[in-house]
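Asker: Take 219 as the starting number for the sequence shown in this note's numbering and just add one per residue.
Treat the hints as calculated values from the structure; they're not laboratory data. Ideal Cβ positions, reconstructed from N, Cα and C, are used throughout, including at glycine. Among these hints, one or two may not hold up.
To be verified - No farther apart than 25 Å at their CA atoms in a straight line, the calculated lysine to any residue pairs in the SDA-like style are these:
{"id": "1", "residue 1": "K228", "residue 2": "S380"}
{"id": "2", "residue 1": "K395", "residue 2": "G351"}
{"id": "3", "residue 1": "K387", "residue 2": "A224"}
{"id": "4", "residue 1": "K228", "residue 2": "D273"}
{"id": "5", "residue 1": "K350", "residue 2": "G413"}
{"id": "6", "residue 1": "K228", "residue 2": "A283"}
{"id": "7", "residue 1": "K395", "residue 2": "P311"}
Stated by the list, open to error - Using C-beta positions, here's what the derived DEER-type ranges look like:
{"id": "8", "residue 1": "N410", "residue 2": "R250", "range": "15 to 23 Å"}
{"id": "9", "residue 1": "E388", "residue 2": "D300", "range": "39 to 47 Å"}
{"id": "10", "residue 1": "R284", "residue 2": "V408", "range": "17 to 25 Å"}
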Amino acid sequence: FLIKTAEKYKVEFLCSAFNVEDALFLSSLGVRSIKIPSPETYNTELHRCASTEFDRSYVSLGAAARSEVLDAIDIYNDAGCDWVAMHCVSSYPLTVDRANLDRIAWLKNYADVVGYSDHTESTFVPAAAVVKGASVIEKHFTADKNLPGRDNKFALIQSEFSSMVEYIKEAEQCVVKRGLGFQSVESDTVRNYRGRWG
């Protein structure tokens, strides 16, 4: 049902797999992308499966030692597959001061595409991640924060999600490279105001 609903609305269906058996089941359903959650960062068997069975893997790299993260990275890079290294701090909810967005730059040394899996309650932090270099954002969404379950408490409702998207769009605009000299929009200031009060 969920796969057909995603197809109907032209949204990519994506599901987390916590073990090889689940990953292979998803593959048998024709699912071509997979999410590997942070608790499985250490699970090299699952990474090997994802790197060969799926067209694209989104790999959360939280809740793991540096060596475990590098081991996972090596599996995907050695396979030469399409994958996204997702910075993640696996705490629910995550306070903004623990987001550790500088880690995105470190991951960019090892992966062509880096994303951010956000567990804060913030609508702004994902935009900050974009400024830091993330090009994929994962954020929990809910219709009601009072529903049962851990994730609903920090997930965003529709209006908050819309605000987050607007922040991300602004962040994408402000990091467009415009060179090191003055821009054309500064021409009037350069022509008419430099030295004016000297």
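Asker: Hint by hint, note whether the structure agrees.
Answerer: Results of checking the hints against the structure:
The suggested pairing of K228 with S380 holds, with an alpha-carbon distance near 19 Å, which does not exceed 25 Å. Note on K395 and G351: the hinted pairing holds, with a Cα-Cα distance of about 13 Å set against a maximum of 25 Å. Of the pairs offered as hints, the one joining K387 and A224 holds, with about 24 Å between alpha carbons and a cut-off of 25 Å not exceeded. Distance restraint check for K228 and D273: the Cα-Cα separation of roughly 18 Å lies within the 25 Å cut-off, and the hinted pair is therefore satisfied.
At most 25 Å may separate the alpha-carbon atoms for a hinted pair to count; K350 and G413 exceed this at roughly 36 Å. Distance hint between K228 and A283 is unfulfilled; the C-alpha atoms sit about 37 Å from each other, more than 25 Å. A threshold of 25 Å between alpha carbons decides the hint, and for K395 with P311 the separation of about 34 Å lies outside it, so the pair is violated. Separation of N410 from R250 is about 57 Å and departs from the stated range, judged on CB atoms against 15 to 23 Å.
At about 28 Å, the beta-carbon gap between E388 and D300 misses the expected band of 39 to 47 Å. Taking the beta carbon of each, R284 and V408 are about 48 Å apart, not inside 17 to 25 Å as hinted.
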